[in-house]
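The listed protein sequences derive, respectively, from chains A and B.
Here the first sequence is numbered in this note's numbering, starting from 1 and rising by one per residue.
Here the second sequence is numbered in this note's numbering, starting from 1 and rising by one per residue.
FYI, nobody ran anything at the bench for these hints, they're computed from the structure.
Treat the hints with care, as some may be off.
Identical chains blur together in the list; that is why a pair holds if it fits in one copy or across any two.
Said to hold, decoys possible - Capping the alpha-carbon separation at 20 Å, the derived lysine-lysine pairs in PhoX-like fashion look like this:
#  : residue 1 : residue 2
1  : K65       : K326
2  : K20       : K303
3  : K36       : K65
4  : K303      : K348
5  : K326      : K348
6  : K263      : K194
7  : K348      : K379
8  : K396      : K20
9  : K429      : K396
10 : K429      : K65
11 : K20       : K153
12 : K153      : K194
13 : K48       : K396
14 : K263      : K48
Number of protein chains: 2
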Amino acid sequence: MNRLDQLATLLRFPSISAQKEHAQDVSDCADWLVDKLSGMGLEAAAHKTRLHPIVMARSPREEGKPTVLIYGHYDVQPVDPVELWESDPFEPEVRDGKIYARGATDNKGQLFAHILGVEELLRQNGGHLPVNVIFLLEGEEEVGSGSLSQFIKDHRDELACDVIVVSDTGMAAPDTPTFSYGLRGLAGAEIIVKGPSADLHSGVFGGAVANPIAALAEIITSFHDEDGRVAVRGFYDGVEPIATWERSMWATVPGMSNEELAKLTGVETVVTESGFTGAECIFARPTLEINGIGGGYQGEGSKTIIPSHAFAKISCRLVPGQQPEKIETLLEEHVKSHVPRGVTVEFKRGHGGNAYVCDPNSEFGLAAQQALEEAFGRKPVLVREGGSIPIIEEMKRVLGADALMLGMCLPDARIHSPNENFPVDLFSKGIDMSQILLRRLGQIKH
Amino acid sequence: MNRLDQLATLLRFPSISAQKEHAQDVSDCADWLVDKLSGMGLEAAAHKTRLHPIVMARSPREEGKPTVLIYGHYDVQPVDPVELWESDPFEPEVRDGKIYARGATDNKGQLFAHILGVEELLRQNGGHLPVNVIFLLEGEEEVGSGSLSQFIKDHRDELACDVIVVSDTGMAAPDTPTFSYGLRGLAGAEIIVKGPSADLHSGVFGGAVANPIAALAEIITSFHDEDGRVAVRGFYDGVEPIATWERSMWATVPGMSNEELAKLTGVETVVTESGFTGAECIFARPTLEINGIGGGYQGEGSKTIIPSHAFAKISCRLVPGQQPEKIETLLEEHVKSHVPRGVTVEFKRGHGGNAYVCDPNSEFGLAAQQALEEAFGRKPVLVREGGSIPIIEEMKRVLGADALMLGMCLPDARIHSPNENFPVDLFSKGIDMSQILLRRLGQIKH
Numbered sequence: 001m002n003r004l005d006q007l008a009t010l011l012r013f014p015s016i017s018a019q020k021e022h023a024q025d026v027s028d029c030a031d032w033l034v035d036k037l038s039g040m041g042l043e044a045a046a047h048k049t050r051l052h053p054i055v056m057a058r059s060p061r062e063e064g065k066p067t068v069l070i071y072g073h074y075d076v077q078p079v080d081p082v083e084l085w086e087s088d089p090f091e092p093e094v095r096d097g098k099i100y101a102r103g104a105t106d107n108k109g110q111l112f113a114h115i116l117g118v119e120e121l122l123r124q125n126g127g128h129l130p131v132n133v134i135f136l137l138e139g140e141e142e143v144g145s146g147s148l149s150q151f152i153k154d155h156r157d158e159l160a161c162d163v164i165v166v167s168d169t170g171m172a173a174p175d176t177p178t179f180s181y182g183l184r185g186l187a188g189a190e191i192i193v194k195g196p197s198a199d200l201h202s203g204v205f206g207g208a209v210a211n212p213i214a215a216l217a218e219i220i221t222s223f224h225d226e227d228g229r230v231a232v233r234g235f236y237d238g239v240e241p242i243a244t245w246e247r248s249m250w251a252t253v254p255g256m257s258n259e260e261l262a263k264l265t266g267v268e269t270v271v272t273e274s275g276f277t278g279a280e281c282i283f284a285r286p287t288l289e290i291n292g293i294g295g296g297y298q299g300e301g302s303k304t305i306i307p308s309h310a311f312a313k314i315s316c317r318l319v320p321g322q323q324p325e326k327i328e329t330l331l332e333e334h335v336k337s338h339v340p341r342g343v344t345v346e347f348k349r350g351h352g353g354n355a356y357v358c359d360p361n362s363e364f365g366l367a368a369q370q371a372l373e374e375a376f377g378r379k380p381v382l383v384r385e386g387g388s389i390p391i392i393e394e395m396k397r398v399l400g401a402d403a404l405m406l407g408m409c410l411p412d413a414r415i416h417s418p419n420e421n422f423p424v425d426l427f428s429k430g431i432d433m434s435q436i437l438l439r440r441l442g443q444i445k446h
Numbered sequence: 001m002n003r004l005d006q007l008a009t010l011l012r013f014p015s016i017s018a019q020k021e022h023a024q025d026v027s028d029c030a031d032w033l034v035d036k037l038s039g040m041g042l043e044a045a046a047h048k049t050r051l052h053p054i055v056m057a058r059s060p061r062e063e064g065k066p067t068v069l070i071y072g073h074y075d076v077q078p079v080d081p082v083e084l085w086e087s088d089p090f091e092p093e094v095r096d097g098k099i100y101a102r103g104a105t106d107n108k109g110q111l112f113a114h115i116l117g118v119e120e121l122l123r124q125n126g127g128h129l130p131v132n133v134i135f136l137l138e139g140e141e142e143v144g145s146g147s148l149s150q151f152i153k154d155h156r157d158e159l160a161c162d163v164i165v166v167s168d169t170g171m172a173a174p175d176t177p178t179f180s181y182g183l184r185g186l187a188g189a190e191i192i193v194k195g196p197s198a199d200l201h202s203g204v205f206g207g208a209v210a211n212p213i214a215a216l217a218e219i220i221t222s223f224h225d226e227d228g229r230v231a232v233r234g235f236y237d238g239v240e241p242i243a244t245w246e247r248s249m250w251a252t253v254p255g256m257s258n259e260e261l262a263k264l265t266g267v268e269t270v271v272t273e274s275g276f277t278g279a280e281c282i283f284a285r286p287t288l289e290i291n292g293i294g295g296g297y298q299g300e301g302s303k304t305i306i307p308s309h310a311f312a313k314i315s316c317r318l319v320p321g322q323q324p325e326k327i328e329t330l331l332e333e334h335v336k337s338h339v340p341r342g343v344t345v346e347f348k349r350g351h352g353g354n355a356y357v358c359d360p361n362s363e364f365g366l367a368a369q370q371a372l373e374e375a376f377g378r379k380p381v382l383v384r385e386g387g388s389i390p391i392i393e394e395m396k397r398v399l400g401a402d403a404l405m406l407g408m409c410l411p412d413a414r415i416h417s418p419n420e421n422f423p424v425d426l427f428s429k430g431i432d433m434s435q436i437l438l439r440r441l442g443q444i445k446h
């Protein structure tokens, strides 16, 4: 079977980790990966967890070679709204040079490029590799990597490695190889504002009772100052300034100018923290976002009530120097000290993760930059990722290895949305890049 | 059939005006009322409209007697959540001296007390009444009285009257006869804040794009100042001060102290416009309430997005001197001048109605006060209603007659909620009160 047909086979598994009815599909997908990796000569197994299996595979250990752990995930996001897909999300179709399917970019296409890269190296070198390889492929990334965290601690010796390779981040633009050396962290919370014991008639009681929605709006408004800075006391403690070389580099990243960001997102103008560009804010500044809000009557027409309660879901993206637990404590203190009269507030902490950053110019980092340049014929841009992959920071803490993030997710890959796709050409380049990278990493003195 | 059995028959019609599947039930209920009123010797008919019938009935006209129009509505609210009812909402059941059914208080119980009051007078006086009576009973009150507005204009001559009687307002407390001489008006709007063209990943874009929920919260927060006053320019123009006698009277209304209001609504403290009691704010001060809000992710757990849009439904209760159209214009101007950067705002006007107030000490008003005192054995309290019945103000404009609002809706009648009820004893007193009132009105020189 050719490479693309194999990828299509992998994409046909509806391995949606969030939906119970797909548990068997997730498991079948893990088994298929084990078969594939075993067939290449690796020692592979699917490890049971409380939810979905973790696939671990390793090449026969050769002394004197560095060990590279390649991380990826074979689970995918749900497909709703399925009616917006132009072809079946689990029946891959190539159109205009792109393969369309759920998981095409996130993350099956990218992880499979690494698998085929390793297979090609094994074929070329009589079953040997320039490095020792460990594949660590989880089935719960889209639902929070709940099992992997413990698995890494339980298998820290087997997973011991010199460096981690991940292709699950963004590529600034087509033909722009992108090396990510940082990730933002995450903190979250839910705020519930409670007023009267039941919804009240706004005529019978309006004027005498605090409105929970208005109270919640006041709290939300207190979160930012007029300069777009988060107004929570202590929020920026420990945040390091952006380096001069980073500001220079980021000013040149394709697609990341303020004008391009505005066009891409469909807004008239970007709105940033005062003194920073959009790219700087996304890559290296913390945020406090309101992800959702609800309260009172939301249906057709009107219903004249004072609602009994209202809620907002908030989350913060964090940068190095901030700790999720501390940020959640600061948020709670802020909210508790901004409760308007006549209502009470419940503050529910969410789940968090630390930010991550590594030196892009370490020996490993330079090897990654060179591999990208060789595979794509252009110097890579160096960015930090605005998103969060908390498990990367956990692996750093437990395994002591940094992660080289060589993402191939294009801005229009439509991950988590209908019509997810991955360019066939990029898939090929990814296979090449994986081989070049492993060869270069193999040359580093161990 | 005794009085209560007749009321039970009326309550058995599931005349839910908002639900298409009950259109025939609404119509059947109108026919039953026509039969009842015809049987009493009135000339009665159900008039077709674009939605639900309007029942009009009149006593044979006798010269020299004042004409009293008794208004009521025979349609009812939906019954959801039906599982919270202790007995079938359309199979009336008497428990602890109260009859439980949808519509028991609002408004079938109250309007039927007037019908039986008229029947009793006719019986006692050989088919004559102390006044000429017109019954005007609509089937669309719970859905906005859409047909009645035009009907009144089309039948202004037939509906010509000296005074209107309505029992569809509140009774401050059990055994506290309550005469309402005012109603608040209503203005409404929906605000839609639009940001990015689709929900965005809060990691990939967070920091560079204005958050529509935060923007909406800012707009909402701008609606009030720190004294609880509406901060919309011109909002209070034309609002008249509360009279000294009103402040004195309202300070004594049972159940309306700040402490009682807090207890009744389940809040720690009432929150009012600075300088006014809760009762004063409810009876005679305008408000701006947020009735509902929605945006972004509202489900279980979290979803880290910047939502594409957010909306809020707002409504104002108005007092004499304010016009709904003008208030909506002021609101729109306020919103348009408070749009945060990076978002756009759509402002949708709602439906409004004028406030209403009449002189409680007019000849008719004094007759009403006396009737209440005689029927209940206590002097009535004089209040304005915090709620709105826009059709009352329309009838005043078209027919030139004031409305005597003699409400029997108790604070725990649970109108619009599960387990709506009406005390059997209050039903009897209502029948008495109707007779006394019509006799007293008949004594007024015409």
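Check each numbered hint from earlier against the structure, then list the numbers of those it violates in ascending order.
1, 3, 7, 8, 9, 10, 11, 12, 13 and 14
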